[in-house]
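As given, the protein sequences belong to chains A and B, one line each in that order.
Residue numbering for the first sequence follows the working numbering, starting at 1 and increasing by one per position.
Residue numbering for the second sequence follows the working numbering, starting at 457 and increasing by one per position.
Quick caveat, the hints were computed from the structure, so don't treat them as lab data.
Keep in mind that the hints are not guaranteed to be accurate.
List time: in silico DSSO-like cross-link candidates among lysine-lysine, alpha-carbon distance up to 27 Å [unchecked claim]: (1) A:Lys286 with B:Lys553; (2) A:Lys314 with B:Lys568; (3) A:Lys314 with B:Lys553; (4) A:Lys156 with B:Lys484.
Distance windows between CB atoms, simulated [what the hints assert, rightly or not]: (5) B:Ser517 with A:Ala79: 41 to 49 Å; (6) A:Gln190 with B:Ala618: 45 to 53 Å; (7) A:Gly381 with B:Thr612: 34 to 42 Å; (8) B:Arg600 with A:Gly23: 25 to 33 Å; (9) A:Arg177 with B:Phe569: 51 to 59 Å; (10) B:Asn515 with A:Thr312: 20 to 28 Å; (11) A:Met75 with B:Arg600: 37 to 45 Å; (12) A:Gly381 with B:Thr615: 36 to 44 Å.
Derived, one-sided and incomplete: chain B residues facing chain A with beta-carbon distance under 10 Å [to be verified]: (13) Pro485; (14) Ile491; (15) Asp530; (16) Ser551; (17) Thr591.
The beta carbon of each residue, even a glycine, is placed where N, CA and C say it ideally should be.
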Amino acid sequence: MAYGPVEASDAASLFAAKFHEGGAHKLSLGLTEDIPFLKNQERLTFARCGITDPLSLEDYMKLGGFAGLKKALTMTGAAIVAEVSNSGLRGRGGAGFPTGIKWKTVHDVKADQKYVCCNADEGDSGTFADRMVMEGDPFMLIEGMVIAGVAGGATKGFIYIRSEYPDAINTMKDAIRIATAAKWLGQHIQGTEHSFSLEVRRGAGAYICGEETAMLDSLEGKRGMVRPKPPIPALQGLFGKPTIINNVLSFAAVPYILAEGGEAYKNYGMGRSRGTLPFQLAGNIKQGGLVEKAFGITLRQLIEDFGGGTATGKPLRAVQVGGPLGSYIPISQLDMPMDYETFAAASAMVGHGGVVVFDDSVDMAAQARFAMEFCAIESCGKCTPCRIGSTRGVEVIDRIVAGESREKNLLLLDDLCQTMIDGSLCAMGGLTPMPVQSAVRFWPEDFDRPMKVAAE
Amino acid sequence: MSGKHTLLELHSAKPDAASIIAARYDNKPDALLEILHDLQHEVGHVPEASLPVLAKALNISRAEVHGVVTFYHDFRRKPAGRHVVKVCRAEACQSMKGEELAKAIEKSLKVKFGETTADGKVTLEAVYCLGLCSTAPAMLVDERPVGRVSPQKFETLMTELAS
Ligand SMILES: Cc1cc2nc3c(=O)[nH]c(=O)nc-3n(C[C@H](O)[C@H](O)[C@H](O)COP(=O)(O)O)c2cc1C
Ligand code: SF4
Ligand code: FES
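If we strip away everything but chain B, and leave its shape as in the complex, we get (with noise of 0.2 Å):
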C-alpha cells in the first residue's frame, strides 16, 4: 500500500475515489477484488462510474472490470441499507431450523432476501456458511458473527441495532 487518504478526502474527492484506492494498490491488476472491497468499503457500493475509472487505472478493460464485479457475489452495484445482515443458508444452519429462522426474517422485516428495507435501515443478505456451524443457526450483523440466532434474538439484536 502506498498512499494513505482519509475518508474525508475520499468523500469530498468521491468521484475519484477508485483511483485513490487504486494508487494504494500500485494499480495493480491482480488487487483488482481488493480495491473493490476496499471502495465497497469506504463509499457503501461499486457505483457504475468508477468501473472505466478502475480499468484505467489498472489497464485492463472495461469489460474485464465489469466480469469481476459481476462474478462476485460480494460487489454491491447499488447502496446498501446502514445496515447489513448477512443470514447462513447453508446446511448446518439448516439443520437447525435456520430456514425457519430466515422465514421469519423476511416476515420481520418485510423484505426478501436481497432487499433493503422501506426505511434504509437493514439490507437483507444470504450467505452459505459464516463457519459458525456448532453454533447454528449463525448470521454477520455488519461485521460481527452471531450464533445460536433464534427469531427472538434477532428482534433484540434489531432494536440493539443504531438506527
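Here chain A stands alone, though its shape is the one from the complex (with noise of 0.2 Å):
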C-alpha cells in the first residue's frame, strides 16, 4: 500500500489508521504496483529504486545487480564499448553524444593513467534523476563506472556531485565504502586482473562546473573555467589524462546494456533517440516526479496522463524542457515526441529530461530576464559576449516591458543574442538565448505590459 503526499503532521494518524497493515486513509494511493504513474513506466534504469534498501548489496544482487559488471568482467575493452555503442547510448547530460564515441576514443589511446569521471553536478533546474539515482540506487552508479573503467582501462575515478546535494553525497560515500569492503571496487576486482577504485569529490555552488571541462578544472582544486577543445576530454582530461566523463544517467543504463545485451536497450525509442530516458516532471504540475519512459512520449502525455496537468488548476501557459538553457515551449507544441532531433528541429532542446510547468500566472518576460540574470550570475566570466552580455540583457528586457523605445530595444535584444550564440565557448553563453528568445517568440504580449512589470 501507498500513501502520500506525507507530512510530519499525519504521522499521528496514519499510525491510527494501521497504514503499516494497509489500513483505510485518506492519503491512501492504493496498491504501489497499481498506481498508473508508475505502472505505465518502462523502468529499465530505475528498475529498482525505491523497491530496495539503496545501501544494502544483497537487494542490489537479488534485483539482478552487477550482473552487467560479471559479465564485463570476462569480456576486453573492445567488445563492452562495441557493446555500448551498438545499445545507440547517448550522453544523458544534455548534449547527446553517442557514449560508445567516446568511449572508444579512450580505449583507443595509450596512456600511463586514464580517468573516469562521473558528471553529478545536476544544477539544471526541473531535473533530479541523477539524485535519485544517487540516493535510491548508489551501486547501479559505482558498476556502471566500474564498467567504463574496465571498457576503456581506467584504474581510478571520481564522482563530482553538487554540494546542494548532502544526502546524495553521504549515501554516495557509504555505497563506496561497502562495495570497496566487498571487493566490487579496489584492488583486483572479484579476483580478476581489473582495480577500479572510487572517490567523491563535492562542488561548490558553481553551476558552470556543470559543463564538462570546467569540472575537470574543478577537480583539479581550480576556479572552474571552461576549457577550449580540443584537446577533447578523451583525449586530455583530468590532469590532462584521457578521461571518460559521463552523466550519471549515462553510467546508470550500462549495466542494463551489459547485462541484457544492447540490442534489448536499443529497441526501445525512436529515431537517432534510443532506450529510455527518466523524464522529470517539475514546477507547477499535481504529479510531479520522475517517470522513465522510452522516448518518442509527448509532452502532452508526460505532462497531462502523468503529471494531472497543473498543481493549481489553472491553464498550463509554457513549459521549459531541458534546463535554465532550454527553449519555452508554447501549448501549441505539446504533441511534439521526446526526442533529440524533434526537439533540436524545433530550437528547443531535451537536455537533462526536465520538464517544468508554469500555469497562466506566469509572466514570461520575467521569465526571459531571469533567464539572463542566472546567465550573468553564473557565467566563467572567459567570454565577454557570455559575461557583459548577460547583464546588458538584463537591462535591454527592463527597458522593453518598461516601455521604453519597444521595437528599437526588442532588435537590440535579438542583436545582443545572436552575439552571445556567435561569440561563447561554452552553451552557457550559447544557449541562454534559447529560453529567451522563445519566450519573445511565443509570448509577445508579455514584453508589452509595462504596468504589471513595473508594479513588481
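Got two chains here, separate frames each, mind docking them using the hints?
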C-alpha cells in the first residue's frame, strides 16, 4: 500500500489507521504496483529504485545488480565498447553525444593513467534523476563506472557531486565504502586483474562546473573555467590524461545494457534517440516526479497523462524543457515527441529530461529576464558576450517591459542574443538566448504590458 | 584521509585548523575544494588568515587560493548565523510562487538574501535548484531539504529551529 503526500503532521493519523497493515486513510493511494503513474512507466534504469534498501548489497544483487559488471569482467575492453555503441546510448547530461564513441576514443589511446569522471553536478532546474540514482540505487552508478573503467582501461574514478545534495553525497560515500569492502571496487575486483577505485568530490555552488571541462578544472582544485576544445577530454582530460566523462544517467544505463545486451536497450525509443529517458516532471504540476519512458512519448502525454495537469488547476501556459538553457515551449507544440532531433528542429532541447510546467500566472518577460540574470550570475567569465552580454540583456529586457523604445530595444535584444550565440565558448552563453528568444517569439504580449512588471 | 583530529583539537588550534585539514588530504592541491568545505564546516567560514596557510601547505600561490575561494558561491568569507537557510530561486520553484515566498521570507527575517539576521540566528542565501523541483518551492534548512514550503510552513520551521 502506498500513502502520500505525507507531512510530519500526518504521522499520528496514519498510525491510527494502521497504515503498516494497509489500513484505509485519506492519503491512501492503493497498491503501489497499481498506481498508473508507476505502472505505465518503462523502468530500465530505475527498476530497483524505491524497492530496495539503497545500501543493501544483498537487495541490489537479488534484483539483478552486478550482472552487467560480472559479464563485463569476462569481456575485452573493445567488446564492452562495442556493446555500448550498439545500444545507441547517447549522453544523458544534455548534449546527447554517443557514449560508445567517447569510450572508444579513451579505449584506443595509450596512456600510463586514465580516468573515469561522473558528472553529478545536476545544476539544471527541474532535474533530479541523478539525485534519485545516487540516493536510491547508488551501487548502480558504481557498477556503471567500474564497467567504464574496465572498458577504457582506467583505474581511478571521481564522482563530482554538487554540494546542494548532502544526502546524495553521504549515500554515495557509504556505498563506495561498502562496495570496496565487498571487492566490487579497489584492487583485483572480484579476483580479476582489474582494479578501479572511486572517490567523491563535492562541488561548491557553481552551475558552470556542470560543463565537463570546467568540472575537470574544479576536480583539479581550481576555479571552474571552461577549457577550449580541442583537446577533447577523452584524449586530455583530468590532469591531462585520457578521461571518460559521463552523466550519472549515462553510467546508470550501462549495467542494463551489459546484462541484457545493447540490442534489448536499442529496442526502446525512436529515430536516433534509443532507449529510455528518466523524464522529470516538475514545477506547477499536480503529480510531479520521475517518469522513465522510451523516447517518443509526447510532452502532452507526460504532462497530462502522468502529471495530471497543473498543480494549481489553472490552464497551462508554458513548459521549459532541458533546464535553464532550454527553450520555453508553448501549448501549440505539446504534441512534439521527446526525441533529440525533433526538439533540435524546433529550436528546443531535450537536455537532461527536465520538464518544468508553468500555469497562466507566469510572466514570460520575467522568465526571459531571469534567464539572462542566471547567465550573469553563473558565467565563468571567460567570454565577453556571456559575461557582459547577459547583464546588458537584463537591462534591455527591463527597458522593453518599461515601454522604452520597445521596437528598437527588441531588435537590440535579438542582436545581443546573436552575439552571445556566436561569441561564446560553451553552451552557457551560447544557449541562454534559447529561453529568451522563445519567450519573445511565443509570448510577445508579455513584453508589452509595462504596468504589471513595473508594479513588481 | 590521514591523521584524524577532533573538533576540540581543531578549535584549540584554530589558526592552524587549515593546515590540519589540509594534512588530512595529504596536502594535495586538487583537494582544495574539499579542504575549503571541511574548513567552512568546522570553523563556520573561510577565514582570511587561512588562505596563506593553505597556499603554503598545498604549495600553490596565494592568488590561486584566493581565486578559488572567490569563484565558488559556497565559500563564505565571514562567519554565518547559527543556522543557514538556502532558498531555491530557480525556475521550477518560480512556477510555484517561489519568488513570492522569497519576498515573504526576506520580510519575515528582516534581511535581504546574503545577509544574517540581527540576532545572528539565521543567514539567508539563494540557491539555484535543490533537485526538489517536483515538490516546489524548496529550501535547505541547514543541511535538511524541505519541500512544498509556504510562508506559514516557513514560520513553523523557524520556530522549530533551536535559537
Ligand atoms: C553550462 C553547462 C552546464 C552543464 N551542466 C551539466 C550537468 O549538471 N550535468 C551533466 O551531466 N552535464 C552537464 N553539462 C554537459 C556536460 O558538459 C557534458 O556534456 C556531459 O557531462 C557529458 O556526459 P554525457 O555524454 O553522459 O551526457 C553542462 C554543460 C554546460 C555547457
Ligand atoms: S560562454 Fe560563458 S560560461 Fe561558457 S566559457 Fe564563455 S564565459 Fe564561460
Ligand atoms: S528549481 Fe527549486 S528545487 Fe529545483
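Hint-by-hint comparison with the structure:
| no. | hint | in the structure |
| --- | --- | --- |
| 1 | A:Lys286 with B:Lys553 | 15 Å, holds |
| 2 | A:Lys314 with B:Lys568 | 31 Å, violated |
| 3 | A:Lys314 with B:Lys553 | 14 Å, holds |
| 4 | A:Lys156 with B:Lys484 | 16 Å, holds |
| 5 | B:Ser517 with A:Ala79: 41 to 49 Å | 47 Å, holds |
| 6 | A:Gln190 with B:Ala618: 45 to 53 Å | 48 Å, holds |
| 7 | A:Gly381 with B:Thr612: 34 to 42 Å | 41 Å, holds |
| 8 | B:Arg600 with A:Gly23: 25 to 33 Å | 29 Å, holds |
| 9 | A:Arg177 with B:Phe569: 51 to 59 Å | 37 Å, violated |
| 10 | B:Asn515 with A:Thr312: 20 to 28 Å | 56 Å, violated |
| 11 | A:Met75 with B:Arg600: 37 to 45 Å | 44 Å, holds |
| 12 | A:Gly381 with B:Thr615: 36 to 44 Å | 41 Å, holds |
| 13 | Pro485 | 5 Å, holds |
| 14 | Ile491 | 8 Å, holds |
| 15 | Asp530 | 4 Å, holds |
| 16 | Ser551 | 4 Å, holds |
| 17 | Thr591 | 7 Å, holds |
Of the numbered hints given earlier, the model fails hints 2, 9, 10; all others are met.
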